[in-house]
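Student: Top to bottom, those sequences are chains A and D. With my numbering, the residue at position 11 of the first sequence is 11, and numbering never jumps. Numbers given in my numbering equal positions in the second sequence, counted from 1, plus 1000.
No wet-lab data here; the hints were simulated from the structure. All residues carry an ideal CB built from backbone N, CA and C; glycine is no exception. Do not take every clue at face value.
The calculated label-pair distances, taken between Cβ atoms and stated as ranges, are [unchecked claim]: (1) Trp-1018(D) with Arg-19(A): 39 to 49 angstroms; (2) Gly-134(A) with Trp-1018(D): 14 to 24 angstroms; (3) Leu-199(A) with Leu-1025(D): 33 to 43 angstroms; (4) Arg-71(A) with Arg-1152(D): 42 to 52 angstroms; (5) Ile-1019(D) with Glu-12(A): 46 to 56 angstroms; (6) Arg-287(A) with Trp-1018(D): 58 to 68 angstroms.
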Amino acid sequence: MSGADSAEIVVERLTKQYRQLKAVDDLSFSVRSGRVTGFLGPNGAGKTTTLRMLLGLVAPTAGTATFGGRRYVDLTDPVRQVGAVLEASSAHRGRTGRNHLRVVCAAAGLPQSRVDEVLKLVGLEPAATRKFKGYSLGMRQRLGIATAMLGDPRVLILDEPANGLDPEGIRWMRDLLKGLAAEGRTVLVSSHLLGEMQLLADDVVIVAAGRLIQQGPVEAVLGGAGTARVRVRTPQPAELTAALAALNAGVQPESDGSLMVTGVEPAQVGNAAFRAGVELHELTGERADLEKVFLELTAGKADIR
Amino acid sequence: MNLVRAELLKIRTTSLWWIFGIVLLPLWALSLAFNWFQYRGSSPAGGDIVDDAATPVAVASDLYTTGQFFGILMVLLIGAILMTNEFFHLTATSTFLTSPRRGQVILAKYAAAAIAGAVVWVVLTALNLILVPLLLDAMELGSQLDETAVWRAIALNLLAFLLWAVLGVGCGVLLRSQMAAALTLSLLYVIGTQAITLVFFLLTQNVAEWIGNLQVLVPVTASQLMISGTDLPGSPPQWVGAVVLIGYAVVTGLVGTLITKSRDIS
Ligand SMILES: Nc1ncnc2c1ncn2[C@@H]1O[C@H](COP(=O)(O)OP(=O)(O)OP(=O)(O)O)[C@@H](O)[C@H]1O
Ligand SMILES: [Mg+2]
């Protein structure tokens, strides 16, 4: 395993030109090991295309994508180094989940004992001998994850893995991915479930219309865009507004009678109220959430192309 | 080697092989019955030998390779489906993730298809070796199994199965769609060959003699020539048939590999 702080996946000036449109446009970003990186973007942003180029399935028009400096196709033992669950990850409809895993094991030269281990890991044992065509969406997703884990890879790439998972499944996957990152592995997950991403990701890479919008640790991205807000409820709104005006805070009355204060920390609001002798019934700091920031950042660029 | 094992496992873990088995066995039985009725009339016991070709050795060679026509069709389809399945079931993603060197995957498919072809040949030949001696005895020809020519026909039959399996994979790469591949290949194999033979016949009659020599370029004719020699004009030597088949297999394979390598899997 390479150093924990070195960039594991490096995407450099990656471009994919389809006949009429640039699905990915001069995109560069890097993904660190030991962390979960969320790959976010509206529909048609080029996430799937980027991941497929990363994995050697789609040929880039320009640019490179490497794992520890090597292209996927140049890795000596790709299945042991990188595991991937792609959107359309699929198996032959008439083949059982177990046999699907056996085929991959055979092709990658992995011991067949891995099959039962990964089936257990994803909790698919009861359905292992049923045919793939009878699988629910969530079971297919689990089989995809099982396939990706066969080689016990140090890099995991997942495209919309939460699709079709029930709440318990989503939680299970979150714990799994966080656990894998905690072991020092690199996890890159694309998604547009922003609430889920806020819980899961350490870093985010946000793209829209094929271009990079922002990348960095979640807190930095949240802090950089959109200010934090404080919700206060008081029987004396006029006095409080006056007190806060002295701090240059923005105050906005809400329809439910509370005040939404921007530009200051909750402690500052409490302090101002205390000094002014204003009675408070509620004081809640609202963290800027990823969804809001995401929508702000991608506004106007998010149209489906 | 791992890849070949994986490809064989792919064949074994779907219902493909036993469906083909169920279809092939009755067809083999029909072919045997057909051959038997055809030759019974011309056996020495029956009196006159109508056809020069119907020497006991030729009759025996033909009977011992019974099932070739449909067997080869099956093998051709197995080879093609091995390839088209990857796109039909979207397994290409998983396959090329596991082994990103696509040329090697296709080579493995060639090998697996050839092995499947050999297995079909073993089954048909075993059935023939059990039943045909009985028929030959009934025709008072003896088993003919001491003739090298008979064994050569059986061996060349194996070569035909191998080459057609490989050709099937090549065709599967070129005709990516499952349905298109299965239909096109079956129709071309069963009807197309007859039609082309007719076209050649007319051309030879009405345009020029030499065109008839090109008939060996038709794959089915080539494999017939390879196995038994035919009454083609000028009767090219048997190896020409083998060369033509190998040529087709190599060309479809090379073109197919190039296409597959440059194709985006999405
Ligand atoms: N094979 C293709 N041929 C032509 N255009 C394509 C092809 N694949 C993708 N595109 C286009 O490229 C753009 C990016 O698609 P992509 O699937 O990468 O987006 P995405 O970010 O994964 O979207 P989603 O969130 O909906 O999954 C889209 O406009 C899509 O129509
Ligand atoms: Mg996508």
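Student: Run every hint past the structure and note whether it holds.
Tutor: Hint check:
1. Trp-1018(D) with Arg-19(A): 39 to 49 angstroms: At roughly 43 angstroms between Cβ atoms, Arg-19(A) and Trp-1018(D) fall inside 39 to 49 angstroms, so the hint holds.
2. Gly-134(A) with Trp-1018(D): 14 to 24 angstroms: Once the Cβ atoms are compared, 20 angstroms apart, the range 14 to 24 angstroms for Trp-1018(D) and Gly-134(A) holds.
3. Leu-199(A) with Leu-1025(D): 33 to 43 angstroms: The hinted range 33 to 43 angstroms is violated for Leu-199(A) and Leu-1025(D), with Cβ atoms some 58 angstroms apart.
4. Arg-71(A) with Arg-1152(D): 42 to 52 angstroms: holds (50 angstroms)
5. Ile-1019(D) with Glu-12(A): 46 to 56 angstroms: holds (49 angstroms)
6. Arg-287(A) with Trp-1018(D): 58 to 68 angstroms: The hint (58 to 68 angstroms, Cβ to Cβ) holds, given that Arg-287(A) and Trp-1018(D) are roughly 60 angstroms apart.
Hint violations for this structure: number 3 only, all remaining hints satisfied.
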